[in-house]
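Residue numbers (the numbering used here), protein chains in the order written: chain A, 2 to 137; chain B, 2 to 137; chain C, 2 to 137; chain D, 2 to 137.
Everything hinted at is true.
The list treats identical chains as one, so a pair stands whether inside a single copy or across any two.
Below, in silico cross-link-like pairs of lysine to aspartate or glutamate (DMTMM-like), each with a Cα-Cα straight-line distance of 20 Å or less:
#1 Lys111 x Asp75
#2 Lys22 x Glu124
#3 Lys111 x Glu6
#4 Lys22 x Asp49
#5 Lys22 x Glu131
#6 Lys111 x Asp49
#7 Lys22 x Asp11
#8 Lys111 x Asp50
#9 Lys111 x Asp70
Bear in mind the hints are in silico, worked out from the structure with no lab data behind them.
Number of protein chains: 4
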Amino acid sequence: MTTIETVSLDEARRVIEAGEKKARDIGQPSNIAVVDHGGNLVAHIRMDDAWIGSVDISINKAFTARAFDITTQDLAENAGPGAQFFGISGSNQGRVMIFAGGVPLYRDGKVVGGVGVSGGSGEQDQTVAEAAAAGL
Amino acid sequence: MTTIETVSLDEARRVIEAGEKKARDIGQPSNIAVVDHGGNLVAHIRMDDAWIGSVDISINKAFTARAFDITTQDLAENAGPGAQFFGISGSNQGRVMIFAGGVPLYRDGKVVGGVGVSGGSGEQDQTVAEAAAAGL
Amino acid sequence: MTTIETVSLDEARRVIEAGEKKARDIGQPSNIAVVDHGGNLVAHIRMDDAWIGSVDISINKAFTARAFDITTQDLAENAGPGAQFFGISGSNQGRVMIFAGGVPLYRDGKVVGGVGVSGGSGEQDQTVAEAAAAGL
Amino acid sequence: MTTIETVSLDEARRVIEAGEKKARDIGQPSNIAVVDHGGNLVAHIRMDDAWIGSVDISINKAFTARAFDITTQDLAENAGPGAQFFGISGSNQGRVMIFAGGVPLYRDGKVVGGVGVSGGSGEQDQTVAEAAAAGL
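Next up, chain A with everything else stripped away, as it sits in the complex (with noise of 0.2 Å):
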């Protein structure tokens, strides 16, 4: 394998545009970071208002979606005390994030990139990251 897909600025902004949208449309001021096919962020913004603890959570969001291919909601069924990936939030110095609101993006089925959403509960969060992942 050569050749892979990957997140460009453009649509780096228009994953967080639409994010933005939703996050306003919930009344949840939010952090919301794109990560490109590497795991190396493209863009981040912090909505004025948003938790400034949650910048690194959100960049860490969406690097764990890439990393691991998978939803950081789903991760966290797997990663809690007695499942299989109980512990796995101490690898990648702390970089993994295993509560919701990161999501891989995709494009033609393939993951290309991920996003992540932190400022509000886990539904809310998750709920603008999957309207980002939509806007890609």
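Mind docking chains B, C and D on chain A? Use the hints.
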């Protein structure tokens, strides 16, 4: 003083837009990051083909410019061997960048945030950062 | 005792080859890492399409298996909430992995190194790791 | 930009094989690491008797060469006291190596990954890395 001036997401986007335009003018794909008064990231972009190692550097240049209310170019002069702040780059968990490309953002003579650029030579980064800062 | 048994690069490659074959058989692209008696990396591969977040995990599973001369699957049973080693995953700078996929390498009944696999479910990782270890 | 060129495991192995051959020719056991376009590890070997402290260095030289699309030897010239990137080694969580032995991997004039070598003198590491890169 209980009221501070800071940088909104709209303003950060104007700063990035101005920097991005300059980066295109000089033909140097760049990472551009904006932090607010608290030194926390408001927005970041990595232009297509810009270095992945510069994501971290752009964000930390913006932090440094605000953290010490100085351009990272000026800080560099004080942070080399024998200079008064030699070793400062080891503080703040490695977030202090001591080479050109980080510039404080001013409004009415007061620092309200910072912008950091990484992607080209020190001179190019500085040029883009100054253009970005002027876009506030 | 001043002489120890360890793992050479040739042996590490045999271990990886055996693991890679099993990973292909079960259709699960994987990261496979081998450490020597000192717990230090001898060789690593990431198969095409295997998770990038699993690079770190495979290396650390191999380290963990050798560091405590135990499979990470068995360690997991002792590292959960209420168990005797709960919290051990916070030691060794986050290098201790407490889920399946890390297996000690034995020669003549003595541990000489470790192999770590990450890329699929815990069961898949364990299957690949055991096949890899048998290749020594 | 949505499609990029990267490095497959087969290609990484060719790179390592070419580097390993050169390392044997000059009699210097070495660590050799290859990263893909995203800067993530694809494969690594430590030849028998090569330094254990060089595992990390080889991987990070490969990362650095890709992260900034430059040889670490050339980067070194820009990273010393008084040079334009002095302090860059403190960025990216200490992963930036500023001495010889890291070389970008090119295909059709585009950077697709990086190779990092550590084990001997700077000149030896550079020699092995260049031979490795030519093996792509």
